[in-house]
Amino acid sequence: MIAAAPPLAAQGCASVPVLRERGQREVFCGLTGIVWLHRKMPDAFFLVVGSRTCAHLLQSAAGVMIFAEPRFATAIIEERDLAGLADANEELDRVVRRLLARRPEIRTLFLVGSCPSEVIKLDLARAAQRLAGAFLPDVRIVNYSGSGIETTFTQGEDACLASLVPFMPAQAADAEPQLLIVGALPDIVEDQLLRLVRDLGITNVACLPARESRDLPALGPNTRFLLAQPFLGDTAQALEDRGAVHLPAPFPFGAEGTTDWLHAAARAFGIDEMHFRSTVAPGRERAKRALEHSRAQLEGKSIFFLPDSQLELPLARFLHAELGMIPVEVGTPYLHRAHMAAELAQLPQTTVISEGQDVDRQLDRVRASRPDITVCGLGLANPLEAEGFTTKWAIELVFSPIHGFDQAGDLAELFARPLRRRDVLRV
Amino acid sequence: MQLSVWTYEGPPHIGAMRVATGMTDVHYLLHAPQGDTYADLLFTMIERRGKRPPVTYTTFQARDLGKDTAELFQSAARDAVARFKPAAMLVGASCTAELIQDDPAGMAQAMRLDIPVIPLELPSYSRKENWGASETFYQIVRALAVGDSSRPAPCQAGSPRPKANLLGPSALGFRHRDDIVEVAKILAALGVEINVTAPLGASAADIARIGEADFNIVLYPEIADTAARWLERKFRQPFTRTIPIGHGATIDFIHEVAKLAGVDPAPALDMAEARMPWWSRSVDSTYLTGKRVFIFGDATHAIAAARVARDELGFVVCGLGCYNREFARDIRAAAAEHGVEPLITDDHLEVEDAIAAAHPELVLGTQMERHIAKRLSIPCAVISAPVHVQDFPARHSPQMGFEGANVLFDSWVHPLVMGLEEHLLTMFRDDFEFHDGAGASHLSHGSTKTAPVADPAAASPGAEPVAAPVLAAVAAAAHGESDSVAPGGDVLEIARWTAEAETELKKIPFFVRGKARRNTERYAEERGLASISLDTLYDAKAHYAR
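Chains as they are written, first to last, in this note's numbering: chain C, 1 to 427; chain S, 1001 to 1546.
These aren't lab readings, by the way, just hints derived from the structure by calculation. Hints may contain errors.
Simulated crosslink set (DSSO-like; lysine-lysine; CA at most 27 Å straight-line) [to be verified]:
1) S:1259 to S:1185
2) S:1234 to C:301
3) S:1506 to S:1291
4) S:1163 to S:1234
5) S:1067 to C:121
6) S:1507 to S:1541
From a predicted model like this one, the values you see are computed outputs, not experimental measurements.
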């Protein structure tokens, strides 16, 4: 049952009780992140150590094509690896040798743990160390887990980026203050944000992940970081452990979200307020104009988010605060209260915030509340459409450029298009 | 460990899902970690089903492993039975749950549910999707079929309407939906009643009366062979061996069914819609003669395609193989008949090498081979699973029966250059429209490249996705980059063309120019020639002439 939200004087949803569910979770595992991470880091290869299921997942979720060998693959554990006939470590070394011989352009190899490798306790951290001895300096070997028993969908990126933090060089003690933007963004969006930040007057700025996987920025107490993605709890912790300071901010979605996000950096770097305003004004105005195209379609419409990528809360905030949509329920696979504080504060108190999932019960709530649009995974979208619900595929929100001023209109359009389509179809 | 980039088959529990999803009232309780639910999208997105697959996943996480995953399993079982009220429940484990050894079968039986519970043992680390489907269907039939073999044999029964079961079609099958329609038409013409079609569209109650049929028709041996063999022992139901793919095989199939049913085959043989034989004899098809075709797929579709290619289109089979080792023996026999080496592998890189070495003019394969053929600039048609969203067309598009043979003619011949064009174009070869850069109008990617280099337009990952196209499309949009052909491959020493030979080459119509260039270079390479002269070009032409 949904606990009724008690009326509180506090801001928005910040102190509203969260509905916690532990049932069937209809979500991807963290391996799925490889689909966008391998494209973001063109000189890195992702080797999943797992089962045929892992390989099948990547192929089905990636859907990418076979024009070339992609920069990911699966070392499929076979019966003889389990039976101890073949030493799994020796087998892994053999597979890695064969792979790197075939792909000499690879500079970083990620050994990615999976459910089976975790359960049989195959120690990939040790394997990475062992292999580093053989392949450094040509290839850096890094490991992280994208297993479903430990990670949900975008947490795979979190685990991947966190695994890179120990490789970031230490900043000199007297280093000039540095701004670090954390989270994989499409190159074009990253470039837009970097231009804005530099126009503000912050010259020492870097990104994690870097486009060259070996070109990692330095890190230390003079680093201030902004999270560009809302699912990077472990990465943020790893950065803080090395002295970097997190700049709390709403996530950069929409005109206001992007402004607030940049404002957090401007304040931390002592940028003059007038200069900040004049620098962001053109982008902000463009974003607002772009949003107007979708306003009529979205304003006053109700929306239900099923848990998927952890983008749900920031997106619900954007749709509510900037386009007047009514979030009925916002599900997230995992709620990081500190990183989400600014988002929760802007959501209406009537919104149910749920963490985790019991998919059948949640679908019952969708049917009961009859939202105008439901944001859900690919396994659920067509079945809901068949029941008469309008849906938006959550995964498109992960793959599309949606951050920043100049994508605000596109982001709104992603939600407006299914509604418009519903209106125009006569079949 | 096996290094795998792309796989032809999923794990065996995907096969079990295909059987359960095909049926109407069977639920599958799968002990599996969070993330294995990705499999739902195969059915809802690739096949565009309007219902979720009838599968409950326990979706355990790391924190559950320390506690009691068994309790999680049992509560999921109780919830699934209460919510979905299935007539029977399959229980099993995916690869990870197999390792934690919770014994789903034992747990489910201990719960004493009031519906039949069918335990599945699908070894994830040694078996694959087709095997999983076959084993699941067999276990369902074994568990639910009732009756005995005391029924009189069909031919002596004097029954006015012989009955047959159609076995093998499943969810996510390659054209199964449409094949059933064609086979049903044949059976109607023969006066044979369909007792049960299974698993696709069958209920648990239908399976219970599967023994009432006089014989079985096995449409997809990969899924139904094991069950059919058991039914033959249990109910003395004989089963068909011919797969009605192609015109000749359809006729053979009609005779086989008529014999098993004890009826006259003639009504089914008189089918006006069998256009394929005439289309193939029509003079414009002459150019198809001797085209070299490389065939790869599941064993059943590959073997059937080889017969159609040779006997009904006049092609030459230059390669034949399958990815499912369970049927390797059948592929070996067929390959021997066609005089080629059988290729039995699930490594697509090996298939790519074999295709490149065979120099085919047409590839008949799976979606994997479609991509390989595209890279090599060879026309291709898809004949087999693994399936792609394009393999579920809105229109009726069977592979089986007479209409299926018509579809094969259209879909295999279409990718080849039209024969009449070949002659006309020779006449116009000096016209400016036929310059090097003008693509062939029938090839949408318009590649007239002489070597399989990555074409940035053709190689856009968004343009030709394999599974869920949406994801690839948006991924491409998001990052605006594309994988290119892996660098670091062996660079062959290619002989230099003399200016005179190069000029002559340009006079050859563009749609055969690439082949002429490849053949000439191969000819020169095999003879160790350092340069290619006008003579080399015509020597090579004579060498490869037929």
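Here is what the structure says about each hint:
1. Note on residue 1259 of chain S and residue 1185 of chain S: the hinted pairing holds, with a Cα-Cα distance of about 17 Å set against a maximum of 27 Å.
2. For the hint pairing residue 1234 of chain S with residue 301 of chain C, the CA-to-CA distance comes to about 60 Å; that exceeds 27 Å, so the pair is violated.
3. Proximity of residue 1506 of chain S to residue 1291 of chain S is assessed by CA-CA distance (about 23 Å); at most 27 Å being required, the pair is judged to hold.
4. Proximity of residue 1163 of chain S to residue 1234 of chain S is assessed by CA-CA distance (about 17 Å); at most 27 Å being required, the pair is judged to hold.
5. Straight-line distance between C-alpha atoms of residue 1067 of chain S and residue 121 of chain C comes to about 17 Å, which keeps the hinted pair within the 27 Å bound.
6. With a C-alpha separation of about 14 Å, the suggested pair residue 1507 of chain S and residue 1541 of chain S falls inside the 27 Å cut-off, and the hint holds.
The structure shown violates just one earlier hint, number 2.
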